[in-house]
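Protein chains in written order, with numbering that gives the first Met the number 0: chain E, 0 to 505; chain A, 0 to 620.
If you are wondering where the hints come from, they were derived from the structure by calculation, not from laboratory data. Hints are supplied without guarantee of correctness; some may be wrong.
[To be verified] Partial list, derived from the structure: chain E residues whose beta carbon lies under 8 Å from chain A:
{"hint": "1", "residue": "P244"}
{"hint": "2", "residue": "T247"}
{"hint": "3", "residue": "Y305"}
{"hint": "4", "residue": "F308"}
{"hint": "5", "residue": "Q344"}
{"hint": "6", "residue": "F420"}
{"hint": "7", "residue": "I434"}
Remember, it's a predicted structure, so these values are computed and weren't measured experimentally. By construction, the Cβ of each residue, glycine as well, lies at the ideal position given by its N, Cα and C atoms.
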Amino acid sequence: MNEILLSILVFSPLLAVVVLAFTPSNQEQSLKWIGLFGTLLPLVLAIITFCQFDIGSSAIQLNEKINWISFTIAHTDSNVTMPIQYELGVNGLSLVLILLTSVVAVLAAIGSFTIKGQWKSYFIFFLLMEVGMLGVFASQNLFLFFIFFEMTLIPMFFLIGRWGYENKEKAAYSFLIYNGLGSAILLIVFVVLFMKTGTLNYGELANIFANGGSGLLDSVPGETFRLSILIALLLAFGVKLPIVPLHTWMLRVHVEAPPPVVMIHSGILLKIGAYGLITFGMGFFPAEFKRIAFSIAILGVVNLLYGAFIAIVQTDVKKVLAYSSVSHMGIVLIGLAALNDAGVQGAIFQVVSHGLISALLFFLVGVLYERTGTSYLKAYSGFVKTMPLASGVLVAAGLASLGLPGMSGFISELMSFLGLFQTKPIVAAVGTLGIILTAVYMLRAVMAITYGPLSAERGKLVDLNVREMVPAYVLLALIIAIGVYPDMLGMTIKSTLDSILSGFGG
Amino acid sequence: MMQYAWLIPLMPLLSFILLLLLGKKLKEASAYVGIWLTAVPLVMSFIVFFGQWGGESYKAEGTWLTIGHAVITFGIEINPLNSLMLVIVSLVSFLVHLYSKGYMNGDERVPVFFAYLGLFTFAMLGLVMSPNLLQLYMFWELVGLGSFLLIGYYYFKPEARQAAKKAFIMTRIGDVGLFIGMILLFWQVGSFEFDDIFKAVASHEMTHAMITLTAILIFVGAIGKSGQLPLHTWLPDAMEGPTPVSALIHAATMVAAGVYLVATMYPLFAASTAALTTVAVVGGVTAIFAASIGLMQKDIKRVLAYSTVSQLGYMMLALGSGGYVAGVFHLTTHAFFKALLFLAAGSVIHAVHTQDIEKMGGLYRKLKRTGPLFLIGALAISGFPLLSGFFSKDQILAATYEDGRFGLFWLAIIAAFFTAFYMFRLFFMVFTGEFRGAAKEVHESPGVMTFPMIVLGILAVLAGYVNTSWFGTFLSDYLGKGEVAPLASNHEPIWISVVATLVSLLGIFMAYLIYKKGSLSRDWLSRHLPSLSSVVYNKYYIDEVYHAVIVRGVRAFSYGWSLIDRYIVEGIVNGAVALVHWLAKLGSKCQNGQVQTYGAVAFVGLVLLLLIFAVSGGYFS
Chain E
0 MNEILLSILV FSPLLAVVVL AFTPSNQEQS LKWIGLFGTL LPLVLAIITF CQFDIGSSAI
60 QLNEKINWIS FTIAHTDSNV TMPIQYELGV NGLSLVLILL TSVVAVLAAI GSFTIKGQWK
120 SYFIFFLLME VGMLGVFASQ NLFLFFIFFE MTLIPMFFLI GRWGYENKEK AAYSFLIYNG
180 LGSAILLIVF VVLFMKTGTL NYGELANIFA NGGSGLLDSV PGETFRLSIL IALLLAFGVK
240 LPIVPLHTWM LRVHVEAPPP VVMIHSGILL KIGAYGLITF GMGFFPAEFK RIAFSIAILG
300 VVNLLYGAFI AIVQTDVKKV LAYSSVSHMG IVLIGLAALN DAGVQGAIFQ VVSHGLISAL
360 LFFLVGVLYE RTGTSYLKAY SGFVKTMPLA SGVLVAAGLA SLGLPGMSGF ISELMSFLGL
420 FQTKPIVAAV GTLGIILTAV YMLRAVMAIT YGPLSAERGK LVDLNVREMV PAYVLLALII
480 AIGVYPDMLG MTIKSTLDSI LSGFGG
Chain A
0 MMQYAWLIPL MPLLSFILLL LLGKKLKEAS AYVGIWLTAV PLVMSFIVFF GQWGGESYKA
60 EGTWLTIGHA VITFGIEINP LNSLMLVIVS LVSFLVHLYS KGYMNGDERV PVFFAYLGLF
120 TFAMLGLVMS PNLLQLYMFW ELVGLGSFLL IGYYYFKPEA RQAAKKAFIM TRIGDVGLFI
180 GMILLFWQVG SFEFDDIFKA VASHEMTHAM ITLTAILIFV GAIGKSGQLP LHTWLPDAME
240 GPTPVSALIH AATMVAAGVY LVATMYPLFA ASTAALTTVA VVGGVTAIFA ASIGLMQKDI
300 KRVLAYSTVS QLGYMMLALG SGGYVAGVFH LTTHAFFKAL LFLAAGSVIH AVHTQDIEKM
360 GGLYRKLKRT GPLFLIGALA ISGFPLLSGF FSKDQILAAT YEDGRFGLFW LAIIAAFFTA
420 FYMFRLFFMV FTGEFRGAAK EVHESPGVMT FPMIVLGILA VLAGYVNTSW FGTFLSDYLG
480 KGEVAPLASN HEPIWISVVA TLVSLLGIFM AYLIYKKGSL SRDWLSRHLP SLSSVVYNKY
540 YIDEVYHAVI VRGVRAFSYG WSLIDRYIVE GIVNGAVALV HWLAKLGSKC QNGQVQTYGA
600 VAFVGLVLLL LIFAVSGGYF S
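Start from the sequences, fold in the hints, and give me the full structure.
If you want it as structure tokens, here you go:
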């Protein structure tokens with residue numbers, strides 16, 4: 000089964016899509032449970048995949064390769080066949096992200112029980128989006144990556160536009176336009192790479208750029224070419240991550256999309272930006288990445304501080320968290336720009352850690368919104384009294400987000416800064432201001448909700464129910480587990496990390 | 000025994016977890032869980048301490064995180080300094096647990112309270128057992144968490160929320176210094192291990208400038224945690240927490256962690272005169288500065304809080320002056336007498352339900368055990384001869400004098416006068432004269448509260464005898480064994496003792512004249528120097544300045560940026576969206592059904608394509 004395990008995993012959510020298609024659209028409970036089971040299957044398969052994976056090896060594992068499309072073009076004096084293959088495979092990094100995706104998807108599906116109406120199409124879009132996400136991380140081929148990447152955009156567009164809040168349409172359009180522009184750049188980059196090298200396979204591309212030579216090329220493509228491709232990649236994935244000033248679309252999505260969709264969006268979709276930068280940017284063009292590393296470090300610090308400063312004065316908890324995401328993605332850039340073990344490992348940890356923490360925070364925002372009908376900080380106060388469990392988890396999530404030791408956020412922050420201090424200490428020192436600011440805005444938001452006097456009309460709030468406890472506790476447990484014993488995650492990504500860093504000669 | 004030492008911090012952690020899970024069922028019985036799970040570590044700490052006394056050091060570590068080739072470990076270490084700290088922490092924690100059983104009686108969130116106490120105790124014990132700087136940093140933050148949660152225990156009070164937030168953020172500002180210092184050390188040494196760092200310092204692997212820089216950055220962390228200038232403002236506000244918490248966290252243990260940090264990293268500090276001078280100056284200035292504020296406060300807990308800040312300043316002064324033993328010695332004695340004072344103050348508050356000393360008075364007759372115990376604590380901290388504070392303060396003064404910083408020496412002497420004065424101002428106003436409060440019935444606290452005070456009272460009297468020049472220098476010998484630090488020889492000139500004693504007696508006498516006898520007017524200062532008195536009374540307006548400059552500044556800056564984000568950055572985005580709309584409209588205009596237009600467009604397109612081919616000579620070549 001190992002030969003097609005990844006394909007089964009990637010397309011497994013489709014099973015539930017088919018079942019949903021044949022379920023009457025008014026059967027609310029069945030639709031929700033089918034949706035939930037539809038996300039459990041990939042989780043089980045992802046765990047099986049993890050068991051099959053050899054942590055010690057840095058090779059791409061569980062490979063699948065099928066010839067898919069090929070065409071012939073004229074090249075100088077002979078005809079060359081350009082193959083497009085269906086190629087899947089995983090390394091430590093993509094495997095971790097697949098696991099993250101399948102966990103967050105299950106928990107977001109549980110969170111989706113509060114969705115009002117049109118459950119059938121909601122869960123169909125939701126599951127299609129999961130196929131896209133799993134595919135993005137399992138692909139070993141740019142063409143396939145692109146298709147899966149687009150597959151996340153369209154369902155997302157509908158999920159925001161149909162199930163969101165007041166300004167949902169506007170948010171959906173700005174999501175589509177911005178990501179569409181990013182995709183367009185990505186497509187051009189991929190086509191150019193294909194035409195220049197004749198391959199779309201990650202490994203082969205990395206090899207060509209490192210050593211030169213292929214069917215179409217006699218020498219390694221020029222430096223200017225490589226640098227411009229890298230910058231185009233930075234732009235395309237910079238929209239996704241997002242890098243300031245390309246972030247405004249994502250604020251709207253955070254504010255307007257329904258909370259379970261934001262769990263997915265903030266937890267997983269933003270991480271595709273980081274994954275792309277690591278796999279393509281650093282993987283294909285290590286030397287050029289080194290050249291622009293200083294700029295990336297600056298961008299990272301700008302992201303970190305820009306998001307943090309603005310988060311301090313937000314009045315809507317969703318906006319606080321949205322800017323917090325901008326800020327935390329700055330840590331990813333800081334780690335990557337360090338170009339050493341500590342930094343890149345920190346960036347990857349941050350990808351996973353922020354995925355868990357932001358999913359948890361947005362889940363709780365959903366819980367609060369469902370009970371109060373608002374997300375304005377002013378409308379909250381003293382929830383510890385009536386919702387001690389939810390408040391406790393919220394405070395814990397806030398502390399994780401601000402990097403309290405013992406939780407995952409600390410590890411990634413520590414390693415990213417550790418990395419950057421070795422190579423660019425001054426930039427890193429400026430960035431540490433973000434550590435203080437994060438505490439300021441996070442405590443402000445979290446304590447405004449949980450602490451303080453409880454107003455009289457808020458007397459009847461019910462605490463977390465059993466269905467809500469599952470996502471809250473599972474996410475918190477994972478956050479603490481990584482924080483207490485980080486090597487658990489570190490060992491899985493170690494070999495991938497080594498192979499990325501070998502490109503930098505260290 | 001040493002191989003089981005790791006159980007010491009885990010028991011309070013167990014208490015935390017158990018109480019979180021079962022607190023609702025256990026209710027009042029939660030206190031027993033907390034008390035038992037700190038009693039056992041107390042016994043174990045004593046065993047470890049005496050084992051260490053017998054010369055047995057211990058270290059055990061395991062892999063925690065791998066970064067490239069660097070393996071970061073997690074483990075425990077037992078050395079002379081930290082086994083002493085273990086005893087102090089677990090003893091005060093146990094006594095405070097016991098006391099809280101009485102003090103918190105009737106509070107509906109008792110399980111939560113004991114859970115937080117357990118979490119704090121776990122973190123504090125973990126902190127002192129850390130064998131490397133990173134682990135210390137992690138527990139350092141976790142004790143901050145415990146402090147934060149307990150300050151905000153009365154979560155419904157807006158002041159408590161504010162104080163908790165302030166404590167977290169102010170200490171975090173310091174922590175960033177420690178964070179940077181730790182990272183810089185890592186890249187210098189290649190490890191977070193204390194032993195490796197000291198080896199690198201000793202073998203001159205690090206440049207002198209780097210040693211100074213990292214030492215000062217680490218000291219910034221200590222400034223935040225120990226409430227030293229200029230990051231002291233959170234500590235008085237932290238008094239919003241329940242009083243047992245103030246005794247445990249904000250007097251005896253956590254705030255002393257800054258002093259412990261400097262003591263632990265002493266070889267690094269000792270290698271840089273500039274770093275030591277920084278420590279000494281910050282400590283000395285803080286000592287007199289906080290003591291002067293303590294002279295005028297009206298809240299019993301705030302007077303004690305400023306006193307704590309001031310005493311921590313003394314400890315820093317000692318360390319900065321090369322008085323390693325003196326600093327650690329004062330840390331020990333202070334832990335006992337200040338915890339005693341706080342618990343006694345809690346007992347008073349428990350009895351009269353106010354913290355305003357204007358509304359107390361004449362309580363000595365009514366609180367027959369609290370009164371004498373408070374007096375013992377007050378005498379001890381004032382440096383009254385033969386009590387613990389007398390010896391430790393004496394050695395600090397001697398170390399400062401020997402170090403040759405006479406300015407700081409005289410500041411410390413004046414601060415000693417202030418200390419005696421404000422403590423006895425407090426004593427006379429609370430315990431003597433007529434009762435000025437509203438409470439009808441004033442009862443002594445139950446035995447579960449007075450017993451811990453009695454234990455601390457005994458220690459406040461006797462703890463000084465562990466290190467005296469004429470009774471035996473057990474502590475110096477013991478700490479010296481660890482060979483972690485160069486020890487200043489304490490040949491104290493006898494006149495220093497005499498001056499210090501006279502100064503503290505004078506302080507007590509002045510307080511007596513003003514607040515008991517009334518021969519001097521209480522508002523003498525405010526009448527003759529109104530501006531000075533109001534500056535001191537308002538704590539030198541530091542909070543106000545911080546608020547006006549930093550808090551408002553950051554908020555204004557943030558607000559400005561959010562406007563830029565909303566109007567300029569978002570404006571550009573909207574521009575992009577509008578552009579797409581415009582293009583779409585343009586496109587739809589082209590599809591107007593007129594064949595001529597279509598033909599024209601197609602022709603232009605063809606011409607363009609041909610041109611491109613003609614110029615480039617082919618496809619992607």
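(Q) Check the structure against each numbered hint from earlier and tell me which ones fail, lowest number first. (A) Violated hints: none at all, because every hint is consistent with the structure.
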